[in-house]
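Chains as they are written, first to last, in our numbering: chain A, 1 to 443; chain B, 1 to 323.
Just so you know, these hints were derived from the structure itself, not from any lab.
It cannot be assumed that every hint is accurate.
[Said to hold, decoys possible] To give an idea of the interface, some chain B residues facing chain A are shown, with a C-beta separation under 7 Å as derived from the structure:
| hint | residue |
| --- | --- |
| 1 | Pro38 |
| 2 | Lys39 |
| 3 | Leu90 |
| 4 | Ser112 |
| 5 | Val114 |
| 6 | Ala116 |
| 7 | Gly133 |
| 8 | Trp134 |
| 9 | His135 |
| 10 | Thr200 |
| 11 | Pro203 |
| 12 | Pro204 |
| 13 | Glu207 |
[Claimed, not checked] Quick list of simulated restraints, FRET-style, between CB atoms:
| hint | chain 1 | residue 1 | chain 2 | residue 2 | range |
| --- | --- | --- | --- | --- | --- |
| 14 | B | Pro3 | A | Gly79 | 24 to 34 Å |
| 15 | A | Gln331 | B | Thr6 | 43 to 53 Å |
| 16 | A | Gln331 | B | Ala261 | 19 to 29 Å |
| 17 | B | Ser205 | A | Gly386 | 49 to 59 Å |
| 18 | A | Gly418 | B | Gly208 | 26 to 36 Å |
| 19 | B | Arg247 | A | Val219 | 25 to 35 Å |
| 20 | B | Ala261 | A | Gly140 | 51 to 61 Å |
| 21 | A | Gln331 | B | Gly240 | 19 to 29 Å |
| 22 | A | Gly198 | B | Thr6 | 29 to 39 Å |
Where is the CB? At the ideal position from N, CA and C, for every residue including glycine.
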Amino acid sequence: MPERAGHQGSGPHPTLVIRGGTVIDRGGERRADLVVAEGRVAAVGEGIAAPRGALVLDAQGCVVAPGLVDLHTHLREPGREESETIETGARAASLGGYTAVVAMPNTEPTLDSAEAVRNVAELAASATTEVAVAGAITVGRLGERLAPMAELAELGVRLFTDDGAGVQSAGLMRRALDYATGLGVTLAQHCEDTTLAGAGAMHEGAWSSRLGVPGTPAVAEEVMVARDIALVRATGSRIHFLHLSTAASVDLVRRAKAEGLAVTAEAAPHHFTLTDGCAAGYDPVFKVNPPLRPQPDVDAVKAGLADGTIDAIATDHAPHAPELKDLPFDQAPPGMLGLQTAASLAIDQLDLPLATVLALMAWQPAAIAGLDAAHGGEQGGPIMPGAPANLCVIDPSARWRVDPAALASRSRNSPYGGWTLTGQVRHTVFRGEPVVIDAEAQR
Amino acid sequence: MSPFPTHLLSIDDLGSEEITEVLRVTDSFAEVGRRTNPKVPTLRSRTVATLFFEDSTRTRMSFETAAKRMSADVLSFAAGSSSVKKGESLRDTVETIEAIGIDAVVIRHASSGVPARVAGWVDHCVVINAGDGWHQHPTQALLDLYTVRQALGGGDVGMARFAGLRVAIVGDVRHSRVARSQISAYAAMGAEVTLVAPSTLLPPSLEGWPIAGVSHRLDDVLEKADVVSLLRVQSERGSGEFLPTLREYTAGYGLTSRRAAMLPPGALILHPGPIVRGVEIASDVAELPASLITEQVSNGVAIRMAVLFLLLGQGPVGGGHHA
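Start from the sequences and build out the full structure, keeping to the hints where you can.
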């Protein structure tokens, strides 16, 4: 581009100056401008002059932070491209401030082979966010025999999960934890005992009883959290708990951490913003797994986020094409969109300092996913010269109204349609490229 | 009185005044049913569609007979014979049906909440719930109330008897849309409802339910029951998950001759049908004069005529039912 000719270097993207913001990373908070060139942070400091030809991104009143990392994204490709593709999901992620997402393996086919993992990596090569593949723990996620975890770990897979289902067999889970420990990878469990969950379509309680909808009791989650904590204790392994949703689950994790076990956990925005009563009108947009819970559970999840029991906010972004969400409540697939609303909900609905929200959404999940510098990755690290330029710029006081039809996802199943939220992702920089400017996707 | 609701999705849409009105209007239509030519022109040029995604010959015939006796045109969509199948969205199906220009759709579906969803999608058409999942079956509860009122003297005399009436609802409350409607209906009219069931066949939570109590022993309840309303226990409940066997259920909760003899004089026995004789009720008990099972079926048509009338019959054709 002629107007930018002459800027130092000849990388594919213009030199950027992010001006006027407050930088927050794990090292703390300070007023600073940033220069980004050739995919890296070139300079950090107050009152930096823009190099000739640089693109200036205004960050007045904004927070400049490491790009967000989502531990839990369903991109649907391959197999369910009518609901989402890697391209559309990545765009939604960029708009949500994410510079990396962990793609769940419950695609068709399941991501349980080197071929399947390579395929997603190739499809994601030009995406606007880093797509880290999570591999399946068991072949086909059937819970019967171990997937080739070593082979997938060779390809860089750091997180393994049968998400969508929990590994039902305690015996197989114990072997999986043992095997994972040897490989240095982390297992992530979707805690749901199927014998207790049955055909449950919402939280089992006062609302499900009144509505006549089969319920999933809280204990279906809690027995597997408790079981896996016992297995971690017995094997000396490490585990990550996906989408904790009940008060007792949070408490089990709190006690496991106090005991010194290598346990981490995430919670989804819908579990700290919505309750089971939302399903009173039988709209499947409020159907999700684990289900929305009553207020005391919502309060417990918030408390867990506040006191460090829960390490990460993860979206469980689960697109479903409109025709699937028009099915009767008990037949519709569970899941909600989350990538474009998560940061705003965390800022708006959690009474937490911004630095805590960013810890929960950027550097802590980066470490759990093995995407941080300690694992050879480029996510979540401190913002300093030489650091990879994966950044987000958030205006914590901007207000916006959620319109599901305007979201970048191929699907429309956001339960937040009509909500006005305070806090908006303004710019996202991925590997030095401004993929979102002023809340608009650039490609 | 508040206007009659636009749709009939749940008994909870009705208060005691609306229920009373339904029962009074039913009196008139019951009279029509006794005529040689049991037909009135009330719904001439109106179209009523029955959309049954779940088999129920009895309820569908009852609604269709009611609509025909009111001179409505009747369309019958049976899910098995129409294009409704897995993969086609419910919304498409309903939009197709509404495009035909019907005035009321009577819906039966195995999934709770379908009538409520459909009511949210239609523009001009009235939705009547003919049974959805475990949720509600409002016309069944209304015809039960009508039948009880009739047995207790009919008219205002019968109506006045609901206050303080001791009603025992016995059986699989957990999986019963009939029970959910009955409980709301009896409670709205001032009756005292006791649920009688093994713990596994009660809903997981009874928080906020308008009931007087719960019992796990039918024998304890019978001597103080004015009405015993039995629920069907599907045979699969006896496969060992909810009940060890149906035999064990019958031993604890079946209305046997011995138990029927414990009822106070004048007590009434109801069952929404179809009866599983020998499980919920002994054959000889079902034949007792106290048993109103046959009356329930015959009152079904008049109740449904009253519901159609109150939802459709009072306004001009093509919407504006409550003008």
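What are the numbers of the hints that this structure violates, sorted from low to high?
1, 2, 10, 14, 15 and 16
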